[in-house]
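**Student:** One letter stands for each residue in the lines below.
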Amino acid sequence: RKEVEQDPGPFNVPEGATVAFNCTYSNSASQSFFWYRQDCRKEPKLLMSVYSSGNEDGRFTAQLNRASQYISLLIRDSKLSDSATYLCALPNSGNTPLVFGKGTRLSVIA
Amino acid sequence: DTEVTQTPKHLVMGMTNKKSLKCEQHMGHRAMYWYKQKAKKPPELMFVYSYEKLSINESVPSRFSPECPNSSLLNLHLHALQPEDSALYLCASSQEQGTLTDTQYFGPGTRLTVL
Numbered sequence: 744r745k746e747v748e749q750d751p752g753p754f755n756v757p758e759g760a761t762v763a764f765n766c767t768y769s770n771s772a773s774q775s776f777f778w779y780r781q782d783c784r785k786e787p788k789l790l791m792s793v794y795s796s797g798n799e800d801g802r803f804t805a806q807l808n809r810a811s812q813y814i815s816l817l818i819r820d821s822k823l824s825d826s827a828t829y830l831c832a833l834p835n836s837g838n839t840p841l842v843f844g845k846g847t848r849l850s851v852i853a
Numbered sequence: 002d003t004e005v006t007q008t009p010k011h012l013v014m015g016m017t018n019k020k021s022l023k024c025e026q027h028m029g030h031r032a033m034y035w036y037k038q039k040a041k042k043p044p045e046l047m048f049v050y051s052y053e054k055l056s057i058n059e060s061v062p063s064r065f066s067p068e069c070p071n072s073s074l075l076n077l078h079l080h081a082l083q084p085e086d087s088a089l090y091l092c093a094s095s096q097e098q099g100t101l102t103d104t105q106y107f108g109p110g111t112r113l114t115v116l
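Just so you know, the sequences run in chain order A and R. Per my numbering, the first sequence starts with residue 744, numbered consecutively. Per my numbering, the second sequence starts with residue 2, numbered consecutively.
Next comes chain A alone, as it looks inside the complex:
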């Protein structure tokens, strides 16, 4: 299994839909997880950090499944402005910096 794997998409969903995508990881000792959002030709922006079972911020929910070694991102009531690439990231091992997944592209359609 690769260190961090994501379904590249694209996920094309209508406005108002609920969409979820997963990020699987190989290091079972991972303790922290991050979702970043990246718009075209812009920098990654932190969306959510997860250190325990999950986290919720408005329409966005991240859930961690340690047994199956994946973290999911759920977006409810999708907006056009949610269209972006969503990058999953976690520390490689020990105190090494982040390893990024290849990202999942989301397009929300009117």
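Hints were generated in silico from the structure; no laboratory data involved. Glycine is no exception: its CB is placed at the ideal position from the N, C-alpha and C atoms. Treat the hints with care, as some may be off.
When the alpha-carbon atoms are kept at most 25 Å apart in a straight line, the in silico DSS-like pairs for lysine-lysine are as follows [what the hints assert, rightly or not]:
1. K39/R to K23/R
2. K39/R to K785/A
3. K37/R to K785/A
4. K788/A to K845/A
5. K10/R to K42/R
6. K37/R to K23/R
7. K845/A to K822/A
8. K41/R to K822/A
9. K785/A to K41/R
10. K785/A to K42/R
11. K37/R to K788/A
12. K41/R to K788/A
Derived list of chain R stretches under chain A, where covered just means 3 residues or more per stretch with a C-beta under 8 Å from a C-beta of chain A [as the list claims (entries may be wrong)]:
13. 33 to 44
14. 89 to 98
15. 106 to 112
To give an idea of the chain A side of the interface with chain R (calculated C-beta under 7 Å), a few residues [claimed, not checked]:
16. N770
17. Q774
18. E786
19. F843
Using the hints provided, position chain R relative to the given structure of chain A.
**Tutor:** Then chain R, alone, in the frame of chain A:
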């Protein structure tokens, strides 16, 4: 405030030029990072500075030379680059590398084109 600034926003250079990219943060972060990102790919780590000392060099060619003049500044000196080095160069910073809750914040990047 989680702002990391980078200059310039865009840079076009020839293969014989010498140029520098600059990054600045005033959040008191003690770790700073350089990443390279090609289109439709995730960011790739190049260098990490922790407490102003180079702690990680991901086998980056010597035509890229990082420098950390102080805890707020990070430079990337470029010399004799190749066209394949054209990419978005991202700087990031975090409170302290290696802690459980350490979170990286990215600058807007410098879009580099090598002719």
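**Student:** Tell me the hint numbers this structure goes against, listed in increasing order.
**Tutor:** 16
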